[in-house]
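Counting in my numbering, the sequence shown runs from 98 upward without gaps.
The hints are simulated quantities; they were obtained by calculation from the structure and are not laboratory data. Incorrect hints may have been included.
What the hints assert, rightly or not - Okay, derived cross-link-like pairs now, DSBU-like style, lysine-lysine, Cα gap no bigger than 30 angstroms in a straight line:
#	residue 1	residue 2
1	K750	K793
2	K750	K307
3	K750	K369
4	K307	K499
5	K657	K750
6	K307	K657
7	K339	K657
8	K191	K339
9	K191	K369
10	K499	K339
11	K369	K307
12	K191	K657
13	K339	K793
14	K191	K307
15	K469	K499
As the list claims (entries may be wrong) - Ranges of calculated distance between the beta carbons of each label pair, as one might list FRET restraints:
#	residue 1	residue 2	range
16	F408	D707	55 to 61 angstroms
17	W425	D513	22 to 28 angstroms
18	N397	V784	47 to 53 angstroms
19	E329	F748	19 to 25 angstroms
20	V755	K793	14 to 20 angstroms
Idealized CB from N, CA, C, for every residue including glycine.
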Amino acid sequence: MVDPDTIDQLEPPRHGVYTRILTAGVIACFATLSVVAFSHGASPATAPATSTSSPASRPDIGSLLELNYDELDNIDLLEMDLPMVVTASRRAEKITSLPYAVSVITAEDIRAAGARNVADALRLAAGVDVAELSWGVTAVSPRGLHGMMPHSVLVLVDGRQIFDAWFGGNFWGDWPLQIEDIKRIEVVRGPAGVTWGSNALNGAINIITKDPSEQLGLTVTGGGGSRGAHKEYLGYAFEEDKLRLRVSGEYEGSDGFARGGTILGNLDDDIKSPRMNVHSIYEASPHDTFTLSGGGAAVNGGYPVAPLGRFMDQINSNSQSAFILGKWEHRIDPDSSITLNGYVNDFGLRPHLPVIDYRYQQLALQLSHTFKPAEDHWFTWGVDTRTDLLDATNAEPFMLSKGFVSTAIIGLYAQDDWRFAPRWRLSLGGRIDYEFYGGFQPSGRVALSYDLSDTSLVYGAVSRAFQMPSAGTRFDHIPFFGGMAYYSADRNIQRETVVAYELGYRGRFFDSLETAATLFCHSYDDLVIMAPRLGPPGLVRFNLENGYDAYSYGAELEAKYALTRDLMLLGTYTFQNLDARGGASVSRTDYLSPPRHKFMVGTRYSPREDLHLSAHLYYTGDTDGLNPVLPPARRNISSYFRLDLRAEHEFWKDRASVAVGVRNLLDNHHLEGTSMLQDVAEVPRMVYAEIRLTFK
Numbered sequence: 098m099v100d101p102d103t104i105d106q107l108e109p110p111r112h113g114v115y116t117r118i119l120t121a122g123v124i125a126c127f128a129t130l131s132v133v134a135f136s137h138g139a140s141p142a143t144a145p146a147t148s149t150s151s152p153a154s155r156p157d158i159g160s161l162l163e164l165n166y167d168e169l170d171n172i173d174l175l176e177m178d179l180p181m182v183v184t185a186s187r188r189a190e191k192i193t194s195l196p197y198a199v200s201v202i203t204a205e206d207i208r209a210a211g212a213r214n215v216a217d218a219l220r221l222a223a224g225v226d227v228a229e230l231s232w233g234v235t236a237v238s239p240r241g242l243h244g245m246m247p248h249s250v251l252v253l254v255d256g257r258q259i260f261d262a263w264f265g266g267n268f269w270g271d272w273p274l275q276i277e278d279i280k281r282i283e284v285v286r287g288p289a290g291v292t293w294g295s296n297a298l299n300g301a302i303n304i305i306t307k308d309p310s311e312q313l314g315l316t317v318t319g320g321g322g323s324r325g326a327h328k329e330y331l332g333y334a335f336e337e338d339k340l341r342l343r344v345s346g347e348y349e350g351s352d353g354f355a356r357g358g359t360i361l362g363n364l365d366d367d368i369k370s371p372r373m374n375v376h377s378i379y380e381a382s383p384h385d386t387f388t389l390s391g392g393g394a395a396v397n398g399g400y401p402v403a404p405l406g407r408f409m410d411q412i413n414s415n416s417q418s419a420f421i422l423g424k425w426e427h428r429i430d431p432d433s434s435i436t437l438n439g440y441v442n443d444f445g446l447r448p449h450l451p452v453i454d455y456r457y458q459q460l461a462l463q464l465s466h467t468f469k470p471a472e473d474h475w476f477t478w479g480v481d482t483r484t485d486l487l488d489a490t491n492a493e494p495f496m497l498s499k500g501f502v503s504t505a506i507i508g509l510y511a512q513d514d515w516r517f518a519p520r521w522r523l524s525l526g527g528r529i530d531y532e533f534y535g536g537f538q539p540s541g542r543v544a545l546s547y548d549l550s551d552t553s554l555v556y557g558a559v560s561r562a563f564q565m566p567s568a569g570t571r572f573d574h575i576p577f578f579g580g581m582a583y584y585s586a587d588r589n590i591q592r593e594t595v596v597a598y599e600l601g602y603r604g605r606f607f608d609s610l611e612t613a614a615t616l617f618c619h620s621y622d623d624l625v626i627m628a629p630r631l632g633p634p635g636l637v638r639f640n641l642e643n644g645y646d647a648y649s650y651g652a653e654l655e656a657k658y659a660l661t662r663d664l665m666l667l668g669t670y671t672f673q674n675l676d677a678r679g680g681a682s683v684s685r686t687d688y689l690s691p692p693r694h695k696f697m698v699g700t701r702y703s704p705r706e707d708l709h710l711s712a713h714l715y716y717t718g719d720t721d722g723l724n725p726v727l728p729p730a731r732r733n734i735s736s737y738f739r740l741d742l743r744a745e746h747e748f749w750k751d752r753a754s755v756a757v758g759v760r761n762l763l764d765n766h767h768l769e770g771t772s773m774l775q776d777v778a779e780v781p782r783m784v785y786a787e788i789r790l791t792f793k
């Protein structure tokens, strides 16, 4: 652990300790990769020549368990008897035999719900708190601790982490995430620290994109509606020999939410954003698959300036993001595979106030190896390393106590799934991470499950995970009102930890009813709070420091019932409670207090093969958030119902469709959340229409 008295002298040069840590990680990954691949050199001749270019063929159960991300993407989960999940343990497993609280939101779920974006689609999952704060900003987290800048959930896109180097969370609207390109979203509720390391305190959300072979030809979509909202998408995909490629882009614009603002000024959250992605897959051999993808987005607008920020200089809000991801998967034999991922993230943000202006780059490498050391064991191990480089030198006058901050983290993990009896399974996982400022941190998980049948199980689990402060958090030093107030951090800020206990059930009956139930209890230590401090006359400081211990508990229920071939009913219910264990409480953070009760009831009906009707009713109980006019005071946020309706007609041999819908039918506006960092915005009723055309 770094001595707080010498931390100022420990900041290395840009190509110092962090580069060596990353280099060590790279060398370790490639050295291990070479040894393992060489030691299995004779095996590939026996590996099955499974091609991912034929999604119509349905593999048997045994081969399904061995599929990688790209192969899984060719399988329609809604039509399979055994849905598969890859996020929880980094290998494909039947969802009905997985000792985790997991929800899968498919492309069809997203379409039927009329979701406006990825964050909107997450309302379909039990246990996930979602609150729209303005047009482009949404607070999202499983099991509470959600706010404008939550860092308790790890967000991934095809396994690539989206993790902000300044505050440690995710700005949902600023990355190139096109709804049309998404195959499914896997949501792991509860700590996922063994699998993914730091930042998965309350769970992980993995957005998995479609294989280009599922979008062959030219796809054009367009839509618009209330508040000047419009979105246009253009995508082209082809498949030739061993190569599959998709190029897609979209443009989104909106006048923002209609209601909001305060007596200090009107709401200003209009937005314009182009986004683009390229995704390619190359099958070099039956045993080797290479994936290369990249994309970028530019957002102009959004982030309505906070009421108190109106007394300061203002600029136009904008952000830019870009990434490149490379992946190599080598199938050694039917029971062994190695995956090597590498990616670079680049992100910059200027949200209205010149005092906040930063850009960061992240360089990461991930190695994982899955094999069966014995007939009743599945073993997965790997190495992850990431370097964050944060530059805040353009902030005026400054936002960090150092203009340039960097850090690095490297982790080693292992997990063994042992079926020690026909119906009993023991899962043991451990991980150790080292971060430059935070030192070594362990994570662990133990789960015991019992199969009630081939499609149902009960399980119990205990896990520990941690949240390491991001590169910028330790050096926050943001002046407001000409230096009369400061938002700053304790440089010796420690990691946040959670110990979680979970009991769960998942079952499937009569091939038409799916149910899941989870009881959980989380014990948090050293959560970060904002502590007001009075300095010299006229000076107020809001210090970020560890000062909040808490526990939460609750229950999550999910059900989906195919009443007939054409009629489906679905629903979720969540109860949760968060209490402080002495000292500070959630009121000293920018988090929203979690609503105690939430539910969703939905129905989907297709009276004809070309006509699809859907309705989803959401309820969210009372909560509260920081009052942006007078922080750190809180303001109540009343409970609300939200009813979404959608009708879609397909024609031209299902290559075209027209859809109309309405969001928030029951209320012309309601408040879902607040933050001290932006103005108050109320979610309006929105009517929309969409058209989709596919040319093959």
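So, going through the hints one by one against the coordinates:
1. For the hint linking K750 to K793, the alpha-carbon distance of about 12 angstroms falls within 30 angstroms, and the restraint holds.
2. For a cut-off of 30 angstroms, the pair hint linking K750 to K307 stands: about 21 angstroms separates their Cα positions.
3. The suggested pairing of K750 with K369 is violated, with an alpha-carbon distance near 34 angstroms, which exceeds 30 angstroms.
4. Simply put, K307 and K499 have alpha-carbon atoms about 41 angstroms apart, too far for the 30 angstroms limit, and the pair is violated.
5. Distance hint between K657 and K750 is fulfilled; the C-alpha atoms sit about 29 angstroms from each other, no more than 30 angstroms.
6. With a C-alpha separation of about 24 angstroms, the suggested pair K307 and K657 falls inside the 30 angstroms cut-off, and the hint holds.
7. For a cut-off of 30 angstroms, the pair hint linking K339 to K657 is broken: about 38 angstroms separates their Cα positions.
8. With a CA separation close to 28 angstroms, the supplied pair K191 and K339 stays within the 30 angstroms bound.
9. Using a Cα cut-off of 30 angstroms, the hinted pair K191 and K369 is violated, with the two alpha carbons roughly 41 angstroms apart.
10. For the suggested pair K499 and K339, the alpha carbons sit about 49 angstroms apart, so the restraint of at most 30 angstroms is broken.
11. Proximity of K369 to K307 is assessed by CA-CA distance (about 25 angstroms); at most 30 angstroms being required, the pair is judged to hold.
12. Restraint check: the Cα-Cα separation between K191 and K657 comes to about 17 angstroms, which is no more than 30 angstroms; the hinted pair holds.
13. Restraint check for K339 and K793: satisfied, since their Cα atoms lie roughly 19 angstroms apart, inside the 30 angstroms limit.
14. Distance restraint check for K191 and K307: the Cα-Cα separation of roughly 20 angstroms lies within the 30 angstroms cut-off, and the hinted pair is therefore satisfied.
15. The suggested pairing of K469 with K499 is violated, with an alpha-carbon distance near 48 angstroms, which exceeds 30 angstroms.
16. Look at F408 against D707: about 57 angstroms separates their beta carbons, and that is inside 55 to 61 angstroms.
17. The hint said 22 to 28 angstroms for the Cβ distance between W425 and D513, and at roughly 25 angstroms that hint holds.
18. In this structure, N397 and V784 break the distance hint of 47 to 53 angstroms, their C-beta atoms being roughly 25 angstroms apart.
19. For the pair E329 and F748, the supplied restraint of 19 to 25 angstroms holds, since their beta-carbon distance comes to about 20 angstroms.
20. For V755 paired with K793, a C-beta distance near 19 angstroms keeps the hint of 14 to 20 angstroms intact.
Violated hints for the displayed structure, listed by number in ascending order: 3, 4, 7, 9, 10, 15 and 18.
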